[in-house]
Amino acid sequence: MSRRNVVRLIRFCVALLVLAIFLFPIYWLVITAFKQESEWFTTPPVFWPSKFTLSNFLGTGSTTFGTTTTSIAGIVPFLRNSVVVATTTSIVSTIIAAFAAYSIARTKIGGTGLAGWFISMRFLPPIASAIPLYVIFSKISLLNTWWALILPYLVPTTALSIWLLISFFNEIPQEIEEAAYIDGASRTQAFLQVVLPLSAPGLAAAAILAFIQSWGEFLLALVLTSNASAQTLPVYLGRYITGWRVAWGPLSAAGLVTMLPVIVFALITQRYLIRGLTLGAVK
Amino acid sequence: MKLKLLLLALALLSVLAFAEVTISVVACSDNADSLKWLAEEFMKRNPDIKVEVTTLSWEVLYPRILADISAKSGAFDVFNWDVMTAGAVSQGCLDLFEFIKQNPDLVDPSYDMDDLLPLAKNLGIWDGKLVGFPYFNNTMLFYYRKDLFENPKYKEEFEKMFGRPLRVPTTWAEAVDVARYFTKSYNKNSPTQYGIALMFPTTHTMFYMYLIFFGPYRRSVEGLTRFGPVDLDYGDYFTADRKPAFASDLGLKAFEDMKALMPYSPDPLGSDYGETLEYFAKGIVAMVPQWTNPYLQFKSSPALQPAAEKIGIAPMPGRSVAGNWALGINKFISTEKQKAAFKFIQFATSKWADKEKLIRFAIAPVRKSTLEDAEAQNAIPWVKVLPSIYADETFRPRIPEEPRLEDISNINFAKILSGELPLTLDTLNKLANEWEKVLTK
Amino acid sequence: MTSTHKRTGFFMVLPAIVLFLVMTVYPFAYMIYNSFTNLDLSKSGTGQFVGLRNYTDIVRDQLALSSIEFTALMVLIAVPVEMILGLALSYLIRGLFAEKALRSLFLIPMMVPAAVGGFGWKMLFNFIFGPINYFLNLIGLQSIEWFGKINTARTAVMIVEIWQWTPFVFLILYAALQALPKDILDAGKVDGADGWRLFLHIELPLLRPILYVTLLLRIIDVLRTFDSVYMTTYGGPGSATSTWSFYAYKVTVSYGWNIGYGSALCVILVIVSGILINTLTRVLNIGRELGLSKE
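From first to last, the protein sequence lines are chains A, B and C.
Take 3 as the starting number for the first sequence in this note's numbering and just add one per residue.
Take 7 as the starting number for the second sequence in this note's numbering and just add one per residue.
Take 119 as the starting number for the third sequence in this note's numbering and just add one per residue.
The following block holds chain A by itself, in its conformation from the complex:
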């Protein structure tokens, strides 16, 4: 084996080791979700369940407790709310950001000042807006609806997407659009028909990041929604931590349901994420 190959092999082993460390917490959550109650917490820890059980999901493991903490019963509406809120936020924020970023990239409208203002919107602490939004939303009967979450989530996601997309649009040669103008296209037409298809990877990257961000949000979801008709998964998780036990197994099971969709979604789409960032992030 040549020296180069040895180095590569060592690098590969190091990469696997680091990966194992990074994925261990997720592994732990997943196996805890399938452990029977006697193996949630033991000394030494159980690294591979003696029996894989679905009782943490179905609530068949325990007869002493009610249903609130023994299973993930009733998680479906919360899952639905999370999907609707994250998907809508992701799509709407990408559209708004695409128009804004394109306009800034091409017409330099507002210059650094406007771009800076947009970007700074990402950094407003969510706590600051919780109460004012609660008051407004209760006046216009928006509390405990999907829009009560989508609207505030649009702010940080759109801000990040604008930033991402400005540099992305800068990458697309202006000559392509100028060719379209010569053919008689308007700016909007040029944008929709020529630039947008070319920038699909960048838009996908922005949409994916927006999805991830809004999927996991906790604070505003807690304040602005009040029951299963609009609450999202992170708020649902709180029920497993009670004064009489922390139901680690069902909590992990619900955690699995909470993280699985976003991980699967992001893994399927991450090709676009990398491609989008590759084109856009560096000039």
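Computed, partial: chain A to chain B, Cβ under 8 Å:
1. T44
2. G68
3. T70
4. T71
5. V137
6. L145
7. L224
8. V225
9. S228
10. G240
11. R241
12. I243
13. R247
Quick list of in silico lysine-lysine cross-link-like pairs, DSSO-like style, CA-CA up to 30 Å:
14. B:K345 with C:K161
15. B:K190 with C:K267
16. C:K161 with B:K436
17. A:K53 with B:K288
18. A:K53 with B:K316
19. B:K337 with A:K141
20. C:K267 with B:K265
21. C:K267 with B:K436
22. B:K107 with C:K161
23. B:K56 with A:K141
24. B:K194 with C:K267
25. B:K135 with C:K161
26. B:K316 with B:K190
27. B:K194 with B:K161
28. B:K443 with C:K161
In short, the hints are calculated from the structure, not lab data.
For each residue, glycine too, the CB sits at the ideal point set by N, CA and C.
Take the given structure of chain A and dock chains B and C to it, following the hints.
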């Protein structure tokens, strides 16, 4: 099969058609199961009212209720609130005394207000108004490993080491030797790894844990003479004239008692109830101060079988602390909803419900009749211990500033216990000054 | 550039402007206004104007000051670790066997919702039952009371942050590495640069802008650290792991909506973030990086 489904659908439809009023109950997850079950039972008897239960964890329930009250948004019709928040929550809750006077037709003649245990009921009264019916009379118990305390081998060994018989401690000073005996690093023959599981984390847990240590001093003859009787609104932390009582030599002693036990406890400053419950349930420790309802978890733990022989329950060596919950009605909803909500909370705290929720969900009772009931006493071993505990348990302040006092104190207490702040009267006086600032704002 | 194009350009940014005005300007104005009042939802009859009192209170608030301390530590320790680790990882897996699979797997922690990751780590850090102490014992070390001691609790929170956010840094830097212009790299190789020299003299300068942008993003996000603290230590022991955002949350929300004082804390956070963003955008010349200004 199809016919059955059709019938089921029809049955559901008819229920929905009847459901003229929907009331939404927000509950802490400790009470969610029992409330959901009671809601089902209630709806069977009252087909015209639909009850929905929303579950939130303790940390977020209180701010959520306050937000609802202050925006008058009526998101929830019935609040399940911790009585320590009585002062703050009272701004948005109906006065049930007044409501009963104005709606005598709604009152169940068999409800029997006098059957409610006095402290449980009084903790739901604020400024002369009954802002909630007592629902869950939670209190702290001292769980211990009965099998170990009764084992002749350990009894003999303990007596040899400490010159007195091994018994369940009745004071914290007594608990120190016992905890030491059951800690492996101090006694290699110990059957358990640690003596006692304590929880002193920087969360609301700290605030009630301190009272089980300070309580015996505050309620001692000396404490009562120096500080006066305990004020129902300000609780054991305060003197009768509403000054912080813990900023005293007696307050220091409570901290010393806590510190003396810490070496025999697994990670006391980093453990909360989730952890200490597991330590006892898995046989890691010999003793644990815990609430009433963890008994269910202990009873089902494989490490503690047979439960009747292994789980012992005693009153707290110091003094217990109340952790009561009440059911109140939102002031800012329609009269129609208020009436439906009243029917529900009256039902959920009735004699029948009090006993059922104890037997089915280990929810500690708020009624004398339940405590005296033979069936109830047989269902859960702690029922017999409760009357003596309820007679003299301590409680936290119920003033609107309570959560804030709690936060400053949790942080400072943790610093005192970890040694970051010196355990001196000066430290406690500084904290008392912070309290005064919050109180005068 | 024709005027119609300018006008279309204006209409294209309009939705974003409207969104931000509606969703942030009012709440922000409301927050500034509240920061001068004693509004407190746990007490009726509050909301009077108190001038600058909330701000003068912050200066004397020991808990606020110690939150600044830990937040600063996070910026000074966690962020550099994330940057170095993220960069190292992107180099480590470049050109390796199964590179694409490795890359995908490394991204997973950043997708895990913070609430889920938080309680996962809480199980791992458990004093008696946690696998981390188990591994420490295996290599002959003592169990650590992770959440019970100041320094270990701080380390634990930083580990959670680093775990969650290194993948984000990795993602951006990995993408950036892919996009480095081939011709310059090849020219470098022809000149005999390899390994470290290629990295130091050619790749690093090329990566500089994106490193700056990533650093800026991370610093500002760390200022808002909330979830990882909320789910693990709850700010303890004492105030050791309380961040500015977490403290503001406790004051504003969890201990009864002390909105007046909480708003003042938020205003300070926004101002500090603003100053930081502004300074950094200037120092790092982000405007140029975004192609908005020449210098």
